[in-house]
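For the protein sequence lines, the chains are A and B, in the order given.
Mapping of the first sequence onto the working numbering: position 82 corresponds to residue 73, and the numbering continues sequentially without gaps.
Take any residue in the second sequence, note its place counting from 1, add 28, and you have its number in the working numbering.
Hints in this document: simulated from the structure, not taken from any laboratory.
Bear in mind the structure is a predicted one, so any value in this text is a computation, not a measurement.
Wrong hints could be hidden among the right ones.
[Unchecked claim] Cβ-Cβ distance ranges computed for the label pairs, FRET-style:
1. B:Gly301 x A:Ala118: 44 to 50 Å
2. B:Ile362 x A:Pro88: 41 to 47 Å
3. A:Asp65 x B:Arg492: 17 to 23 Å
4. A:Pro88 x B:Pro83: 42 to 48 Å
5. A:Pro129 x B:Asp444: 56 to 62 Å
6. A:Pro143 x B:Asp444: 44 to 50 Å
7. A:Pro129 x B:Met358: 37 to 43 Å
8. A:Asn93 x B:Gly309: 34 to 40 Å
9. B:Pro83 x A:Ala31: 50 to 56 Å
10. B:Asp445 x A:Ala31: 34 to 40 Å
11. B:Ser491 x A:Ala31: 57 to 63 Å
12. B:Ala451 x A:Glu140: 54 to 60 Å
13. B:Ala451 x A:Ala118: 37 to 43 Å
[Stated by the list, open to error] Over the 10 Å line for every Cβ pair with chain B, so calculated as not near, a few chain A residues:
14. Ala53
15. Leu110
16. Ala144
Using N, Cα and C, we set each Cβ at its ideal position, and we do this for glycine too.
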Amino acid sequence: MKPIARTLALLAALAGCADDHDHDHDHDHDHDHAAHVDPAHRPTDFPDAVDRLIAGHEASRAALSAGRVDEAHDELLPIQRDLAKWLPEVAADSDMPEGPWNRVDALAARLLAAYESALSDLDDGNAVGGDRLAAVEPDVHDLRRVRDEADPAWFPRPRRSIEAEATGEGTDLAGISAEGEVAGEGAGD
Amino acid sequence: MDAIFWGGVQRLVEALTEAAPTILVGLVIAAIFRRLVGPEGTRRLFGAGTRWALPRAWAIGMLLPVCSLGVIPVARELRRDGLSGGTILAFALTAPLFNPLSVLYGLSLSEPVVIFTFALASLLVVTAVGVAFDRVFPDNASAEPSPPPVAYGPRRMIALLVSAARELAGPTSGYILVGLLGVVLLNVALPAGSLMDRMERDNPFAALEMTAVALPAYATPMVAMAQLGSMFQHGNSVSAAFVLLTFGAGANLGLLAWVARAYGAKRSAAWLGGLLVVVVGLAYAMDAPLTPRGVEPAGHTHAFDIYCCPFHPGSGSLSAVSRELADEVMPHEIKALGVLLGVGLAGLALRRLDRRWRIEDWLERTPGPAGADRPRSRYDITIPGPVLGGVGLLGLVAFSVLACYTYYPPADQIFDDLNIIKAEVLSAATSGDAEHAEYFIPLYQDWVRRLQVSVYLREGTLSRYRRMKARVLIDKVERLKHAIEEDDPEEVRRYFVAVTDAHRRMRTCFVE
């Protein structure tokens, strides 16, 4: 019975004091439903993500070249890393076809590796200059090209406008059927 | 107290119904070993006494579709057949971890490298602990005399049923109940939703906490694999995921109780201690290399709610339990439970009958081939028991492969169901019916996962593009769920549109 006793002890430690069991739940259950809160730098769509990434890349490179290491380490590069991470998902959240998406995915992986490598070196106290990011400059240009060549219809901004308008009118869901069709619009199908 | 009491009832019934099909399979496998393959054949199959015994136990365990409760009768039979403790424990731990159905599920939902690494790591665990167990405690095998042979013909089939019935009416039921007790214990110890944020990758104790939860928990291979996929999608701790797979799916209190009873307190404590050290050590070792890049930690997950009390104080009641069970329990599980009860009752009846007449006396009356004196046609072939046993075991493997195609239907069929489920979810969102949404949203996400497995199964590959489209949809559905739970109409509206778009895009890339 040793294993059972050990498990019980571990469980007791994990669950905390048994007396808390009820106490913890006397109040509302909001703590059970932690909301998905996106960071402020989460892009709205793919063009926005590329714009942010290009601007951030240039700012990071400039900061590293000027020796503003703390700014690059604490502010700019972590955001760049997040943007590179999110890029494939943000691109997939659109009508972008598979071919361009694969290009985005590959470019994002290379950019992510570069930002993580720079951050890792900065964490270890190694010197990182602006030239480090120059190595992935062609990838940033490629990304810009993908965005420029993209069909704007892949990124349905009008839908957001409809949403914003509807939200402005009230909080009911009138105008949208259960199948997701928006009144007066083909719902993209 | 109402939450704990009714939560315990719900968890117990849920686990029993979930386990019923694989307990039945375990009983059939044990009966095949006992009556058809026989001790000698079983020892040969497992390579007893050779250096291949442990890898063979691992391979056989991976192929047979049993869970950690269903493996108990098989382990008991293997011990009666005289296999070494290391081999039996290796089999008992790996058989519930993987089967063809769950491996497919895992391969398409997690990175294949993760599944292969986990499989290899489990081989390493069972090999290391098994070798050590046999070295430290030699002569741990304890064979029992094999039962007299049964005559060819229908009696062999009846003997299988009798063997399964007697096994279920014996100590196996007790061990299964102890295993189920673990689930009730967790319900008492863990309040509803208390594991939501415990398995994050930045929690250095995630693997240890998961160990404490997973040992008494019961998870079928499919549930464990689905949770594994969910953990990777939520960016949870990889070390905790490995522990969940090894202990959550591989062990339970019933199995531990059997080990303690079969090998004694000292040996079983040494085995468990060694297992804990190796599993937790490996889990931490593979944490950094396998942590997926590009996955944003969600901060919380509902994946482990099933190990906690299902009710908040004041919300537990018989009607709530009935409602939950009606939603959760699958029709095939109810049928399997019915068969299981029938087999158990047959076993009890046989025990009662034993005082006057033992059915085995009749079954074992003619040791040689039956009907040797009658004329035989060329098709009347006598198949030796071990061959029949081998066919039976291969049949089980083939059945589980076939089940993959049934469980994961073609993509266009899945979309027929998905369209209905999507309509239910969106209808619940528009009407603010959180209860309706709570039922259909997990179903929606499950079918999206099954869609990926189905394509992987039929095409042998699943592109990153398709994976990402499915991931986007699952994420949007999850966000819609939270918006409904928080009763936030603006967010509901936003994700209503997002889910519709993501669903359409996923359909386009999967079937058009």
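Against the structure, the hints:
1. At about 48 Å, the beta-carbon gap between Gly301 of chain B and Ala118 of chain A stays in the expected band of 44 to 50 Å.
2. Range check, Ile362 of chain B to Pro88 of chain A: Cβ separation about 46 Å, and the 41 to 47 Å hint holds.
3. With their beta carbons about 32 Å apart, Asp65 of chain A and Arg492 of chain B fall outside the hinted range of 17 to 23 Å.
4. The hinted range of 42 to 48 Å is satisfied by Pro88 of chain A and Pro83 of chain B, whose Cβ atoms lie roughly 46 Å apart.
5. About 46 Å separates the C-beta atoms of Pro129 of chain A and Asp444 of chain B, a value inconsistent with the hinted range of 56 to 62 Å.
6. Checked against the given bound of 44 to 50 Å, the beta carbons of Pro143 of chain A and Asp444 of chain B, roughly 33 Å apart, lie outside it.
7. Between Pro129 of chain A and Met358 of chain B the CB atoms are about 53 Å apart, so this pair departs from the stated range of 37 to 43 Å.
8. Range check, Asn93 of chain A to Gly309 of chain B: Cβ separation about 39 Å, and the 34 to 40 Å hint holds.
9. Distance hint check for Pro83 of chain B and Ala31 of chain A: the Cβ-Cβ separation is about 53 Å, which falls inside the suggested range of 50 to 56 Å.
10. Separation of Asp445 of chain B from Ala31 of chain A is about 38 Å and conforms to the stated range, judged on CB atoms against 34 to 40 Å.
11. The hint said 57 to 63 Å for the Cβ distance between Ser491 of chain B and Ala31 of chain A, and at roughly 32 Å that hint is violated.
12. In this structure the hint that Ala451 of chain B and Glu140 of chain A lie 54 to 60 Å apart at CB is violated, the actual value being about 36 Å.
13. At roughly 58 Å, the beta carbons of Ala451 of chain B and Ala118 of chain A sit outside the given window of 37 to 43 Å.
14. Non-interface status of Ala53 of chain A relative to chain B is upheld: no Cβ of that chain comes within 10 Å, the nearest being about 26 Å off.
15. Listed as outside the interface, Leu110 of chain A is consistent with that label: its C-beta sits roughly 13 Å from the nearest C-beta of chain B, beyond the 10 Å cut-off.
16. Consistency note on Ala144 of chain A: stated as away from chain B, and its beta-carbon is indeed over 10 Å from all of that chain's, at 13 Å minimum.
This entry does not satisfy hints 3, 5, 6, 7, 11, 12 and 13, going by the numbered hints stated previously.
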